[in-house]
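Trainee: Here is what each chain is made of, one letter per residue.
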Amino acid sequence: MVTVKICVGTYCYLMGGGQLAQWRNYIPQHLHEKVTFVSASCLGCNEQNAKPPYAKVGDVIIEKATPEKILEEIEKQLSI
Amino acid sequence: MINNIFVEAGSFQVHKNGNFACGDTILLHKIDNQERCIAVLSDGLGSGIKANVLSTMTASMAMNFSIKREPIMRTARTIMDTLPIDSKRNISYATFTIIDIDQNGNTMIAEFDTPPLLLVRDGKVTHLNPETFKINTTNETDNYERILKLSDIALKKGDRLIVYSDGVSQSGMGKDNMPFGWEDGVETFIENLVKQDKNISARGLSRRIVRRAEMNDDFKTKDDISCICLYVREPRKLLICTGPPFNEEKDKYLADVISSYNGKKIVCGGTTSQIIARELGKDLEVEMDLDKFASGLPPESKMDGVDLVTEGIITLGALSRLLEEDRFNELPQEDSAWNILKYIMDADIIDFLVGTKINVAHQDPSLPIELEIRRNVIKRIKGLIENKLLKTVNLEFI
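For the record, the sequence lines run as chains F and L.
Throughout the first sequence, residue numbering follows the working numbering, covering 1 to 80 in sequence.
Throughout the second sequence, residue numbering follows the working numbering, covering 1 to 398 in sequence.
Pairs of lysine-lysine, DSSO-like flavour, derived with a Cα cap of 27 Å: (1) 388(L) x 157(L); (2) 51(F) x 357(L); (3) 56(F) x 302(L); (4) 282(L) x 56(F); (5) 264(L) x 156(L); (6) 220(L) x 50(L); (7) 69(F) x 5(F); (8) 34(F) x 302(L); (9) 134(L) x 88(L); (10) 264(L) x 342(L); (11) 64(F) x 357(L); (12) 302(L) x 5(F); (13) 156(L) x 388(L); (14) 30(L) x 156(L); (15) 5(F) x 282(L); (16) 264(L) x 302(L); (17) 149(L) x 50(L).
Pulled from the structure, derived: some chain L residues nowhere near chain F, Cβ distances all over 10 Å: (18) 91; (19) 126; (20) 133; (21) 174; (22) 325; (23) 333; (24) 349; (25) 358; (26) 379; (27) 389.
It should be emphasised that the hints constitute simulated quantities derived from the structure, not laboratory data.
For each residue, glycine too, the CB sits at the ideal point set by N, CA and C.
Please build the complete structure, drawing on both the sequences and the hints.
Mentor: Take a look at the structure:
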């Protein structure tokens with residue numbers, strides 16, 4: 001099992017987090033039972049050089065998150 | 001100040017079937033922060049545009065003359081003299097009711113040809129005993145006698161005044177169970193409603209009356225149907241916190257205000273809610289319901305002791321648009337801006353506690369939309385709530 005957190009704070013939401021949160025219902029079939037999605041209001045990007053949207057797979061933070069990057073990280077952690 | 005009463009003003013209206021303009025006009029106005037509350041209902045002769053023009057003229061004259069404390073007989077005469085004469089019926093005519101409540105509950109009521117105003121006190125519907133006066137118009141050629149009914153009453157807490165157009169009392173006319181229309185049935189209906197829910201809001205009550213009248217007409221309304229309800233009661237309070245304090249030392253103050261507030265509480269803003277959760281030692285849980293995303297607004301969160309937690313500036317922008325576009329009479333939708341609006345509609349006094357810290361990330365030029373400065377959005381929302389929903393709004397910046 002792996003938990004994916006997607007930031008839906010204002011900044012991340014506008015920069016693609018909103019779409020990411022919807023995408024979660026369209027992940028590949030074989031992952032359905034293995035991944036839990038949670039949204040978060042901020043994963044801690046308040047630095048000067050932020051790269052939104054942010055997502056967190058397990059303990060790994062992903063900058064400029066895309067479905068591809070998240071999928072890759074999920075598969076790596078589940079060692080599929 | 002101690003004797004000041006609070007008046008909730010609510011109204012609802014549906015048009016005659018097939019007409020896009022309403023022949024009834026409702027105007028509600030509060031002066032100088034609750035010092036006086038004035039309500040006007042006018043029903044123009046006929047229906048459609050012609051009636052709309054007549055009733056709009058009548059209602060705005062009645063309202064503006066009342067604000068200026070013009071003598072009522074002169075107001076009535078001026079209205080009669082000003083209205084254009086109907087080419088078919090050869091009279092100038094629109095009915096009106098003026099209700100003027102001062103801060104001690106002393107109320108002046110002027111009625112001209114509207115169905116009698118109802119007072120709901122201790123769950124019972126009663127009529128007032130108005131004095132009648134003849135209005136002498138200057139340019140009338142017909143023999144129609146114009147009688148103005150004036151009454152005076154001192155309202156106390158728990159009282160409701162209800163006034164409606166003849167669309168309500170004549171609804172369902174011609175049906176077997178109400179050959180002459182709804183008539184006294186309205187009074188029983190109101191008594192039952194108040195018995196079922198003795199705190200029913202003015203907005204809710206006026207809506208129920210109009211909807212029921214619409215039903216009596218089998219949803220093909222034969223006339224414009226309007227109802228105003230004025231309810232004297234304890235004000236309901238709502239606190240909306242948004243934005244992190246400019247100075248971090250104020251974080252504690254923000255949390256204290258939230259936990260000690262006596263009323264409903266809303267927090268708008270991701271960072272703000274995190275600050276409050278941290279200061280109060282509470283969990284913050286973000287909801288992940290796909291249906292709520294469909295509206296295009298970020299999801300809500302949940303925090304113990306707070307009624308609603310939403311995202312900040314996008315949601316507030318959406319709220320401001322809902323108010324600007326007068327969407328508050330529509331069926332509410334299930335998104336966070338609507339949810340805030342529902343709380344606002346149910347409150348009488350709204351306190352905004354606004355943190356003015358600027359979120360540097362929001363100034364990113366690559367953002368797809370322009371994010372406004374929180375302070376400006378809140379100021380606009382304040383104006384809209386005061387003018388369109390007649391509620392008291394207090395602002396505090398931290």
